[in-house]
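In the order they appear, the protein sequences are chains A and B. If you're matching positions, the first sequence starts at 2 in our numbering and goes up one per residue. If you're matching positions, the second sequence starts at 9 in our numbering and goes up one per residue.
Don't read these hints as lab results, they were simulated from the structure. It is possible that some hints are incorrect.
[What the hints assert, rightly or not] Ranges of calculated distance between the beta carbons of each label pair, as one might list FRET restraints:
no.: 1; chain 1: B; residue 1: A269; chain 2: A; residue 2: D683; range: 44 to 52 Å
no.: 2; chain 1: A; residue 1: S388; chain 2: B; residue 2: K225; range: 55 to 63 Å
no.: 3; chain 1: B; residue 1: Q51; chain 2: A; residue 2: A290; range: 21 to 29 Å
no.: 4; chain 1: A; residue 1: S250; chain 2: B; residue 2: G186; range: 33 to 41 Å
C-beta atoms are modelled at their ideal positions from N, C-alpha and C, and glycine is treated no differently.
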Amino acid sequence: MTAPGRRSSTFTRLLRHGFTDPSAAERLLETPELSAVRSDPVLLEALGATADPDLALHGLVRLLEAQPTPTARRELFDTLIASKPLRDRLLGVLGASAALGDHLARHAGDWHALVTYEPRDLHRDVADFERGLADADDPVSLRVAYRRCLLSIAARDVCGTIGVVETAAELADLATATLRAALRIASAAAPEDAELCRLAVIAMGKCGGHELNYVSDVDVIFVAEPALAADGEPGDETKALRAATRLASHLMRICSETTVEGSIWPVDANLRPEGRNGPLVRTLSSHLAYYQRWAKTWEFQALLKARPVAGDADLGRRYVEALAPLVWQAAERENFVADVQRMRRRVVENIPADEVERELKLGPGGLRDVEFAVQLLQLVHGRADTSLRSGTTLDALKALAAGGYVGRADADQLAESYRFLRFVEHRIQLYRLRRTHLLPADEAGLRRLGRSLGLRADPVTELTRAWRRHTGVVRRLHEKLFYRPLLDAVAQLAPGEARLSPEAARERLVALGYADPAAALRHLEALASGVTRRAAIQRTLLPVLLGWFADSADPDAGLLNFRKVSDALGKTPWYLRLLRDEGAAAENLARVLSAGRLAPDLLMRAPEAVALLGDGTGDGAGLAPRGRAQLEQEVLAAVGRAESAEQGVTAARGVRRRELFRTAAADIIGSYGTETRPAEADQGALVDRVGAAVSDLTAATLAGTLRAVVREVWGDTLPTRFAIIGMGRFGGHELGYGSDADVLFVHEPREGVDEQEAGQVANRVVAEMRRLLQAPSADPPLLIDADLRPEGKSGPLVRTLTSYAAYYRRWSLVWEAQALLRAEPVAGDEDLGRRFVELIDPLRYPRGGLGNDAVREIRRLKARMEAERLPRGADPKLHTKLGPGGLSDVEWTVQLLQLRHAAEVPGLRTTRTRTALAAAAAAGLVAEDEAAILDEAWVLATRVRNAVMLVRGRASDTFPTEPRDLAAVGRYLGYGPGHVGDMLDAYRRTARRARSVVEDLFYGS
Amino acid sequence: MDKQQEFVLRTLEERDIRFVRLWFTDVLGFLKSVAVAPAELEQAFDEGIGFDGSAIEGFARVYESDMIAKPDPSTFQILPWRAEAPGTARMFCDILMPDGSPSFADPRYVLKRALARTSDLGFTFYTHPEIEFFLLKDRPLDGTRPTPADNSGYFDHTPQAIGMDFRRQAITMLESMGISVEFSHHEGAPGQQEIDLRYADALSTADNIMTFRLVMKQVALEQGLHATFMPKPFSEYPGSGMHSHLSLFEGDRNAFYESGAEYQLSKVGRSFIAGLLRHAGEISAVTNQWVNSYKRIWGGTERTAGAGGEAPSYICWGHNNRSALVRVPMYKPGKTGSARVEVRSLDSGANPYLAYAVLLAAGLKGIEEGYELPPGAEDDVWALSDAERRALGIEPLPQNLGEALTLMESSDLVAETLGEHVFDFFLRNKRQEWEEYRSEVTAFELRKHLPVM
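Here chain A stands alone, though its shape is the one from the complex (with noise of 0.2 Å):
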């Protein structure tokens, strides 16, 4: 023992040969049965190549105590020293899995199983491991030999004998052994019931692929048909099923069961037809006749690695025979890219949060996402080219690199980066035998896996650098698996190499969504083609562009829209430049480029307006939205660098156009989440969003036009005080992307002006601001409607302050003091803009509510008005405007609370509908539940209304008929492919339900 303070020379032997804690591994080497090595170098030396030498030599220990005589220890002892082979094996085996370790203690003598190296150990075989289980006649004796043979093989694959993908196959082929041994041990327990039936084991997944874990459920499906009886007759269909259901049950459980020895691995049978509801074994023509009829897609996916493995022969070679046909059909089924997509997506958000980051199966660019692509690429061409119908992720990669299905040295890589990732389960799973895909979050966990893996320098951080190397390949490779080849197709730069046929391109392209390959691939040909470095950015950026086509409901257009813009903009350096370094800018581009019609309109106009779409740095850049004052600042400057008012109009209205694409692409990226963030899940503050943004332009873009129509004429002052009162959605800050702007001009003589001359000011300042702002340009024009105004049309446009005063004193109808809830000053004299909230605050918010008779008006109003004005031939339940349940009934219900009610709920004076109806809610005038019911109709009728103008480009009040443009409204509010009837159907219940509320809060009491 060596004194408190001072190191012995064999502490610091140790750590150099990889101890973590040398003590303990001291006081290990001075037991009994190690003293006489225990500085002999060749053994710290085997120690210390282990992936944990401190558990090696643990493991060493309790082996050597667990002999049961002097001379089997000395056995074991002797040959321990002198065969590097053992040696290394054993420690090995010893030093990766502790599950091992511990089986090795138990049963002592097992360790002979590692001493014999012969050459055709190299590779073991089905019936090498049938032999090692042959003696195996109950579970508890099957999982010690199954134990046996495991250790051979983690043996093999620690030294490096054998490397992953041997590694994978010969787990598979133990499987396969320990099934027919089981069947076996089940069918002597039950001969009767052997006899009976003919019961076919077919492998499925990994085990059916011929590459298995060291620990994963082993996926199976049972078949089986009546023995023949005595008179060569096949007996009776019933009775023969029921035998082999118990055949096959008591099979599992001689796999699963936990017994003294533990359980080999979980059977999973639910991958069988109707899942874990289904018959556990059915008979081969009722397997067809499901598959042929009720089978869905992901089913057919899995069918891809079925292999028969135990039972009868004969019947499990009919049963791939007549299945394997139907996975080749499985392509050609409706929905079928919808369905894998949706698949795909599914896995990925049912990770748990925290476990993504170290998720070596599911999570982004985990194994899955190989043999995902892989399968989906099998499944789209296997039925033309029989050569990719291979069950094993890696032979299936590699006829697909060969038939130019994907680029070789994208396979290659992938393939790379599949065997590292495949490599790490293994030694994850080796450690304990537990079934996981998690990488260890423990620093010591970390460090033998990287020790294992032959990191030795500096474990943790290599490992840790390998791993997001390897992901992040599978993940940037994933998706150019499809569309690359695409390009090589069309590109025709490398010479040689094995191409997509034009059939395959189209075909593939069809798979994809694309409604006009042809068209496609000419524009694939012209953005791809050529030696330019223009060129040579797209075909590198195209792979995944088209994959976010592909998620959308026009591909065919957002691949145009990029073409267009493209060249327009190709020759400009930062624009590939953007979309190449910056992470989410050719993300967002394409969403908005595929999304409908006004966001590329806006932008063909003005392509530069791209560079919004970037990460948002620089001044302006970005899609958050700016607040009016920046806005009107902006506008304002433009317009006093402007020589004229016309040129000061344009300049306004050319910042509205990128104002408003910058608000429609942050709308439509927010709707369709990207792959960092996902889809805005609160639709209200969508819409929000969208109806602030567009009133706040509108308001800086009529500040502007007012600004350069007075300079022009009066320069600084006008002889009149002036200003825009916003009403109606522009007043409520709700204005969509198509919607006019409901206002009124209120104006006061300045002192000493005559008053008839102002009002001719007032008048020629509007006619002038409307000619400008509706003037033809490459700018969307602004509509100013001004029908609010008392006397409506036949009133005079602009109105002196004390004109309104006069007239609302004497005449003031109902309507219009409802109108003037939605009032508020949006530009001009600030002053008289407050002013003129004083005169009508009144009006609008009558103290001691409104009196019965003006209610029945109001009522009576609303009512003709359902009756009138809906169009003929629309179906009304979906009128989101005027329909049942649409803004109009919503609004008018919450205004009537805001008539009766303002004047003690100071809540209720708000020009909004949504913060109205909060306050009503909150003031206890409608129930939450009401409220809640209001406000999701209100909000959902607007999402409707701003999807049908983004994807249109025109406003419309109701849904597209146009089957595209349906869909893609769907895919703005959520709805996949395929689900525009659920959008419908979820559209009525919504505005159902709001009208019930309508008729009893605006009707009822």
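Start from chain A and add chain B according to the hints.
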């Protein structure tokens, strides 16, 4: 092209079929048919057949009228009454929107959606209908009383009975179309027949009922008779019900069965019944969709009780109680698979797709929400006084179509099951039927009032 489609095309060749009738059902439950030549069928399998949906009750408005009928090859069947070559065959269709997504106006899709929800919960829904109908000698269209085809009674078996002959031929024809018949007999009223179909999944049953009605009318015509599925053609005789036995399976296991439980009825079964009862009022307009349906429910059940034609007027359940709305049939020992509940309100004039969809939805709601089953009724509920029924908490079914519609209007369950489109159309159409009926001056009024006023 899948196997089934290939099979259909091959059969057309081999059997020299010259026309294929593509069948679908409108929202009210009437069979519609488009005939196509075999040459067009291959395209019909791929893309469907376009048609003007506005011509079909409840499908579409004029401005969105393009719809597609897509044949379901698994329903292919040669029509036996045109036996001589060249023959005719039929297939049921799914109705699609122009973009290929299913149309919410298609009753078949309504049922399919309800079944999809069932399978999400891990169940399969089976039904077994007992269909009653009348054979008439004539079919006057001016409102006068028709003449029943015979004067036999319940289970009567007389030599040369018209009904016997009819049933034999009808059953042969049904069997030749792959529809298995369980049982058939003469019902309680003159001319009234009952034929029970073998249990099957609900979609097949609904398809079979549509076929069944057509076959019965066809066979009747061939014998110079008329078959009618009107719920109550005669005031003095019982009406035609379509008692339906319902069961849910979880895989191979009957989910209604639990050995040792009361009546061997599982928790799932009890909640299912509770759902049927709690929602019986609001689904009534669908299960009993005609003005005439309520004459069957309220038209003198006391008089016809015991004669085999009982219609349930009150919302209650009973074990083997034929006066209850839901009956739990006597359990047959050893037949765990046959545990089921019988709903007795449904009549022969219902649209089977919609009716099974709402019954299923009501039952599932009971299961999902874990409704408690109220105590069963042991007495003959017709014989109880109003006060006794009130004391037992037994409510009546709606008195007429108008009441039923009012209940349905505020039912989220029915709206969600039918889909908003069908829900809306159905209410509008039925309101109108009710209003037309209300404004009609009837023979009853003329008979009662004219002589004395």
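Results of checking the hints against the structure:
One distance hint, 44 to 52 Å for the beta-carbon pair A269 of chain B and D683 of chain A, holds here, with the actual separation near 47 Å. Between S388 of chain A and K225 of chain B the beta carbons are some 57 Å apart, a value that agrees with the proposed interval 55 to 63 Å. Taken as a hint, the range 21 to 29 Å holds for the pair Q51 of chain B and A290 of chain A, whose Cβ atoms sit roughly 26 Å apart. About 34 Å separates the C-beta atoms of S250 of chain A and G186 of chain B, a value consistent with the hinted range of 33 to 41 Å.
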